[in-house]
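Generate coordinates for the entire structure from the input sequences, incorporating the hints supplied.
Listed here are the chains, written in short residue letters.
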Amino acid sequence: MSRLAKSLSYVGLTVALGLVVEGHAEEAGNFGYGQTATAEQIAGWDIDVRPDGMGLPPGGATPEDGEMLYEEKCASCHGSFGEGVGRYPVLAGGEGTLTEARPEKTVGSFWPYASTLWDYIHRAMPFTVPESLTDEEVYATTAYVLYLNDLIEYDFELTQENLADIEMPNKDGFFFDDRPDVKARRCMKNCKKAGSIQITSEPEVSEDADSGADEVVAVEQPAEGQAVYQQACAVCHAAGIGEAPIPGDTAAWSPRLALGRGTLIESALNGKGIMPAKGGQSQLTDVAVIAAVDHIISLSAKQ
Amino acid sequence: MGKDNSSTAILLQAVAREGEKLQASERRNFLKQGLLLAGGALSGAAVPGTALAGDNNLPPNVPPWTKSLGSGVLTNPYGKPSPYESHIVRRNVPWLTADNIASISFTPLAELSGIITPSSLVFERYHAGVPAIDPAQHRLMIHGMVDRPIILSVDDLKRFPSTSMIRFIECPANGGMEWRAAQMDSLQFTHGMLSCCEWTGVLLSTLLQEVGIKKDAAWVLAEGADGSHMSRSIPMDKALDDALIVYAQNGEPLRPEQGYPIRLMNPGWEGNTSVKWLRRLEVGDEAWYHREETSKYTDLLADGRARKFSYVQECNSVVTFPCPEKPLTERGRYEVEGLAWSGEGKIKRVDVSFDGGMNWRPARLKGLVLPKALTRFGLEWDWDGGPAMIQSRAVDDTGYVQPTYTQLREARGSSSIYHKNAIQTWRLHDSGKVTNVQIS
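Protein sequences, first through last, are from chains V and R.
Residue 47 in numbering that gives the first Met the number 0 sits at position 48 of the first sequence, with consecutive numbering throughout.
Residue 88 in numbering that gives the first Met the number 0 sits at position 89 of the second sequence, with consecutive numbering throughout.
Keep in mind the hints are simulated off the structure, nothing from the lab.
Note that beta-carbon positions come from the ideal geometry of N, C-alpha and C, so glycine has one too.
Worth double-checking, as some hints may not be accurate.
[Said to hold, decoys possible] With a straight-line cut-off of 27 Å between C-alpha atoms, the simulated DSSO-like cross-links for lysine-lysine are:
1) K188(V) <-> K345(R)
2) K347(R) <-> K237(R)
3) K365(R) <-> K345(R)
4) K345(R) <-> K307(R)
5) K295(R) <-> K170(V)
6) K66(R) <-> K157(R)
7) K182(V) <-> K295(R)
8) K191(V) <-> K347(R)
[Stated by the list, open to error] With the C-beta cut set under 10 Å, the calculated list includes, among others, these residues of chain R facing chain V:
9) D98
10) S163
11) Q182
Structural data, given as structure tokens:
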């Protein structure tokens with residue numbers, strides 16, 4: 000059902016059922032504040048998708064359709080094979096690791112429903128420019144990630160109609176909260192066997208540090224340029240994501256520095272290539288962004 | 000001194016009279032200079048800020064701030080802490096997350112008193128950074144299985160009857176770094192994804208009554224207006240119980256970091272469900288199983304299965320003094336202090352052990368003891384200068400007793416990441432230093 004159809008069906012339900020719910024709602028509209036939401040307004044924000052496919056828009060795509068798109072939009076963080084770059088999430092692999100000491104929880108090894116993948120890509124990805132993909136592109140990248148997990152074939156067309164039928168390997172791996180699962184007892188005296196208390200672990204640094212606190216307290220507040228860089232730029236530039244030059248890489252920076260500070264500032268303020276204006280953080284003042292540029296220049300200029 | 004005071008008053012009056020003839024900006028400078036002048040007149044010599052570091056200001060000497068005027072009203076229109084407390088800040092663990100946009104910072108619990116966390120020090124958790132929301136252009140949409148889908152402005156929301164409650168908020172990953180082994184030598188990093196504020200807003204039940212929910216409605220999807228569009232499925236029972244749509248914390252408008260202009264607050268539940276920058280509530284008959292309730296925020300057990308919708312933050316406690324940040328300096332009597340909390344209700348009692356859990360002594364609960372709120376406890380203790388293993392163990396009013404690491408791992412293994420509420424052990428060295436250990 001399309002999102003519009005979904006909201007319209009609720010309107011239909013409203014008419015059909017009228018006011019119900021025992022013990023829940025009283026008569027609606029006690030206060031009458033706000034405006035009634037129109038179907039069109041709801042359709043613009045109602046982006047959620049459920050395991051039964053409710054909320055999926057019309058459309059479809061194959062992994063083949065998604066391959067180049069994934070490489071362009073996703074691989075810089077998630078890796079070309081979904082293996083994850085740095086601490087960014089691993090998307091593929093990990094089958095049979097859930098009982099191991101270091102489980103690898105991926106789409107294929109852990110996620111119970113394919114709908115979650117479509118919903119999440121659509122609502123939150125790509126990380127720096129969420130909600131920028133078309134519905135077709137969401138189908139395509141969803142299909143490609145399922146393909147990376149060997150869950151569909153390269154030419155399988157994932158569609159509004161069949162997405163809910165994709166069976167995920169770990170679909171039965173979850174159970175509802177059944178806590179409390181630990182029954183401890185309030186013992187007051189001689190609660191352990193004499194001599195049984197041993198240290199089983201402690202932080203590796205603890206013998207070297209005075210109190211641990213000194214080390215923590217010594218953290219300095221970074222200068223503005225560095226702080227802005229951390230906030231707006233480091234997400235890509237620190238790891239070289241999307242070929243973003245890494246500060247301090249003088250070889251990568253020298254041709255850019257040759258363009259002049261003004262050009263670099265202009266690029267940072269207005270965006271360049273896949274780099275969004277102000278690193279995607281429009282709330283930053285121009286002065287703050289310029290400070291970040293100067294911070295990068297100071298790290299990257301040849302001494 | 001009486002004479003001095005009256006002459007200072009006359010001088011200030013003269014300064015004020017002169018100031019009235021000036022433009023606003025000039026007046027500020029003029030008044031500032033006048034106050035410095037008055038300070039000089041009063042103290043005879045010292046002007047604030049000119050005392051040399053290392054001057055002895057202790058009795059019998061009198062410090063310069065006692066012999067001069069301080070800064071006037073509106074020097075800090077919104078106020079800020081003393082510069083001597085600048086070390087009391089949120090901190091993060093850089094290697095914990097891939098970047099600092101989708102990341103977390105920790106509350107400095109060792110530095111706080113009572114049970115309220117100042118808004119400025121509430122831990123931060125973002126999945127796409129803090130959005131810069133203009134409240135005039137923010138809306139809350141409530142739709143789905145309702146009789147009348149509505150769109151509320153922030154002002155519309157504030158017209159509804161409001162309520163205030165003091166409740167803790169805790170990230171379920173608090174202490175998650177400690178599941179496998181003791182790792183962080185700092186209370187801020189072992190327990191600092193935890194804060195407690197007075198939250199003011201409108202009960203979600205009031206809004207659901209307003210729109211009218213349909214017969215088979217069982218869940219509410221909450222969604223944020225940030226770039227992550229954070230979304231969680233909330234069971235109707237909770238939505239109609241104590242879930243609150245919050246617009247103020249600790250008496251002031253919600254901070255941007257905490258969801259300005261409005262957020263959801265699910266008291267006692269994992270913080271992630273209290274969706275910030277709330278823009279949409281959809282009523283439905285089934286859960287949505289979104290990323291933050293499947294891939295994340297589920298508890299993987301040793302047998303490979305995972306617990307889902309594990310919302311409640313179970314009873315927990317930690318000693319906040321002494322702790323790694325607050326070592327002991329000399330032998331003698333101390334009040335050992337700590338915090339206890341339970342997502343199920345009130346803290347009933349807290350016991351403290353100094354010998355690694357062999358023997359326990361009941362602590363006093365101090366100040367307010369509120370449901371689903373931080374509760375402070377204290378116990379006087381004579382330190383003989385020897386080593387100790389200090390622990391606290393809380394019991395809530397359901398009778399639930401906080402477990403040990405051994406008990407928690409027996410039940411869950413060590414891959415759960417979330418909901419670690421095991422008894423914390425601080426190892427007190429004979430030097431007074433305190434380190435983080437786990438013990439058998």
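Right, here's what the structure says about each hint:
no.	hint	in the structure
1	K188(V) <-> K345(R)	holds, 25 Å
2	K347(R) <-> K237(R)	holds, 23 Å
3	K365(R) <-> K345(R)	holds, 13 Å
4	K345(R) <-> K307(R)	holds, 25 Å
5	K295(R) <-> K170(V)	holds, 15 Å
6	K66(R) <-> K157(R)	violated, 48 Å
7	K182(V) <-> K295(R)	holds, 26 Å
8	K191(V) <-> K347(R)	holds, 24 Å
9	D98	holds, 4 Å
10	S163	violated, 19 Å
11	Q182	holds, 6 Å
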